[in-house]
Every structure is written in structure tokens, then in C-alpha cells.
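Q: Residues per chain, in single letters:
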Amino acid sequence: MHFTKDICRQLSDLEIIHKSLEQVDYFSCLYERYEASLLRYVKRMGVVAEEEAQDVLQEAFIKIWKNLHAFDPSLKLSSWLYRIVHNQAISCLRKKQSFGKGRETDFDEGLLAHIPDDDSGENSPEALEEKDQRTRELIDQLPLPYKEVIVLKFLEDLSYEEISDVLKIPEGTVATRINRAKKALRKLSAQPTF
Amino acid sequence: MKPSEKLIQTIREQGVTPVPRWRFTLKNVLLWSAFAAASLLGALAFSIILFAVQQTDFQVISHLSHSRLELFLGLLPFFWIILLIIFLIIAIYSVQYAPKGYKLTLARLVGYSAALSILLGTLFFIGGGAQRIEQAFAVNVGLYESIQEKKIKLWSMPEEGYLSGEIEQTSLGAFQLKDFEGQLWTVEYKKAFIPPVVLLERGEKVKLIGTIAGPGRFVATEVRPWGGLERNGRERRK
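Each protein sequence line maps, in turn, to chains A and B.
Using this note's numbering, the first residue of the first sequence is number 89, and each one after it goes up by one.
Using this note's numbering, the first residue of the second sequence is number 2, and each one after it goes up by one.
If we strip away everything but chain A, and leave its shape as in the complex, we get:
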């Protein structure tokens, strides 16, 4: 039995969880509600191939299903989902042993507005497009601890508290990593491209 979007829409996240435990079909509501954003996140983290990203999401949701009783309602459900999906994506990338090399992430147009840049004088569409592409490449070159906070903060638009819950690190550490990641990005952007 598959539920229509209307049935799913009427239920809150917690209601879906409770109903899923009674009838597994309700779990599809949760998947459909978060599928788009989580799939985008998996791709942004470096699992770019559609099929592979779908596999990561499927495996992550099986883990979510297994650990449904571990969900702490004091957390935002989305943070908990991001955490499991994040771990699954990292695990997939580590298995491939080619993490962060020559990959492109799905890029948000507004990113550059959020990441301060010292040389922001050029505003033509061509210049912005070129800049987006360059920033995308730069993010991919960042070490994982920096890349994940940049993606979560500026691409996924999560708060410091949510990032802290996703990565299981203190909020202060999130702030420090974001600052260092920005510095690293600026440093990388100053290097000539070949």
C-alpha cells in the first residue's frame, strides 16, 4: 500500500514516525517529504551520480528505519535525518577512496552573497557565473571538516545549532570551522588556476 501525498501532508513528522512503527507504509511519507533536500545534500557532499546518490539515500533510510526508536524528539527531525544521511554519504565516499577529487557539487546561486569576498567588484552575469563555478571547485578542494560546514551552512542554510546536531560537534566548533573554511576558501581563491 502506498500513501498519497495528501495523506502524508496531513501528518506531522512525529505522527509519521509513530504511524510508521504501526504500519511501515507510512515510512514512505517521511522519505518523500525529505527526499529532494537530502538527495541534493548527498550530491553536494560529493556523491554526484544520480543512481549512486539514490542508493546512498536508500541505505540511509534503511538505517533511519532501524534506528527509529533512537530519535530524540528534542532534536529537529531534519537534523537527525541529515546526520544519518551525512554519515552514509561519507561512508560511501570513503569506500570509493576518491573523495574530493575533481568533483562538482550542485551549487546555489546565492552562495557568493553569503560568503564574503574581498574582490567583489565584478557583477556582470558572466563574471558571476564564472565565479560560481570557481567557488564550486574551491569548496570541493576543501578538507572534509571544512567542506561539510560550508555545505550545511551556505548551501543547506542550516543554523549553527542544526549543524552542531548533524555533525555532533559543539556549536563553538561549528563557528570556528566555518571561519577557518572561509579563510581556506579565500586562500584557495587567491591561488592561480591552471
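It is worth saying that the hints were derived from the structure and are not from the lab.
Beta carbons: idealized from backbone N, C-alpha and C, even for Gly.
You may find that some hints are simply not true.
To be verified - Ranges between beta-carbon positions, derived for each pair:
| hint | chain 1 | residue 1 | chain 2 | residue 2 | range |
| --- | --- | --- | --- | --- | --- |
| 1 | B | S34 | A | S247 | 18 to 24 Å |
| 2 | A | L102 | B | G143 | 39 to 45 Å |
| 3 | B | G143 | A | L109 | 52 to 58 Å |
Claimed, not checked - Derived lysine-lysine pairs resembling PhoX-like cross-links, with alpha carbons at most 20 Å apart:
| hint | chain 1 | residue 1 | chain 2 | residue 2 |
| --- | --- | --- | --- | --- |
| 4 | B | K28 | B | K151 |
| 5 | A | K93 | B | K104 |
| 6 | B | K28 | A | K151 |
Based on these hints, arrange chain B on the given structure of chain A.
A: Only chain B this time, still in chain A's reference frame:
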């Protein structure tokens, strides 16, 4: 097939079921129990460290002519310091893996755990528990060198000017002392500083500062109670 349908199908086909809630509850209970036990044991270790520091005359070491560093290191209660560190690590580790434990920075975790151990340990020390545990440990663990044994070692160096033992007999201006190795000494104390808490009588355990005046003879410049000023360490013979 939609990905959500594929997911439900996989769950059904593989018979995947959610892990029961009690397992997560048990894990959390175990983590918090480990934290409580580690904090308590850390507190006990800290209280014994306090006891060791109270019992050791560190100022004496500065007057010794040789091997000061070696002696100082020998007197430090390393066993309890290492235990305290181990228990602190266990406490920190268990909180870190407890729900929301990641919210605390390592510095805060170390600070809170250490503060808890110091607070409980000080209370335990004030209550006299540290000495009892240390003595029980010394009796039951053969390899363990007790604080008392270390103290005896420090105060059994007559050639360095430090002697200790139990008063056997007293006479005017002198008393006979049996040191902790069983050797008898005649101790002259006419010019010695003797705090009022010291009673020069048979059975009194004392520590002396002075010089060797000849074979089996010691001239004391200071007579101190063996067990510290509060307790005085008297175990009188009846």
C-alpha cells in the same frame, strides 16, 4: 517504481525491523552509569592524592643533599594520579557518547568532570575516607607501596638528618627511639623545638630533624608528631 516504494519493498523483503527502544535506553543508562562510577572513583583517587600531599613533608625534600628530584618523584602518588586521569578519561568519554554530549566542548567536559571529582574528593578527604581506603589498599594489594611506607622511607635517612620511630623510654633531656627498621637510637632533645602537640612518652611516634652524634646517637633540633598536627598518629601501648 518510485524510490519511496522501493524503500518500503526493501524493508519488507529484507525483514528489517526497528531496533527495540530498550536497547537505546540501556545504552544511555550504561553510559551515564559509567560516568557516575568514573566520577566517583576519580573522586576517591583525588581524595587519596590530597591525603598523600597532606602526609608528605615536601618541604623536607628541599633540605636534602642529594637525589631531590628522584625522591620528590618517588613521593608523588603516581598510582592515584594515573587512576584519576584514567577515570577522568572514562567520565569524559561516556558523556561524549551520551545523548547531546557532543554539545559540550572537550575543555568544558574536562573542566566539569575534574570539578566534580575535586569537589566529591575533597568532601571524602574531609570525612576521613581517603585514609581508610588507602590503608585498605596497602593491606590488600601486595605490590602497592603505601603513602605510609613512602613517608617512612623519607624519614629514615639519619645521615641526611631525618629520623623517625617510636619512643621506647624517656629520661631527662633524652629518649630512646626504635626506628621503623628496629634499630635503637638515643635521641638528645635538650635544644630541640617541640610543638605542644608532641607528648614525649612511651609509644609516641615521632619524626626528628637533627644530626648523627655517633653510633646510635642522634641530636634532635626538631621533634614533630608522626601523623601530622591534627591526628598526631598516637597508637599507645597499653
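Q: Within 39 to 45 Å: is that where the Cβ-Cβ distance between A/L102 and B/G143 falls?
A: 59 Å, violated
Q: Verify the proposed pairing of A/K93 with B/K104, using a straight-line Cα cut of 20 Å.
A: Answer violated: A/K93 to B/K104 is near 36 Å, above 20 Å.
Q: Using the beta carbons of B/G143 and A/L109, state whether their distance is inside 52 to 58 Å or not.
A: 56 Å Cβ-Cβ, so the 52 to 58 Å window holds.
Q: Would you mind confirming whether the straight-line C-alpha gap from B/K28 to A/K151 stays at or under 20 Å?
A: 18 Å, holds
Q: Taking 18 to 24 Å as the stated bounds, is the beta-carbon spacing between B/S34 and A/S247 within them?
A: Between B/S34 and A/S247, where Cβ atoms are some 33 Å apart, the hint is violated.
Q: Need the status of pair B/K28, B/K151: alpha-carbon distance at most 20 Å?
A: Violated. B/K28 to B/K151 sits at ~42 Å, over the 20 Å cutoff.
Of the numbered hints given earlier, the model fails hints 1, 2, 4, 5; all others are met.
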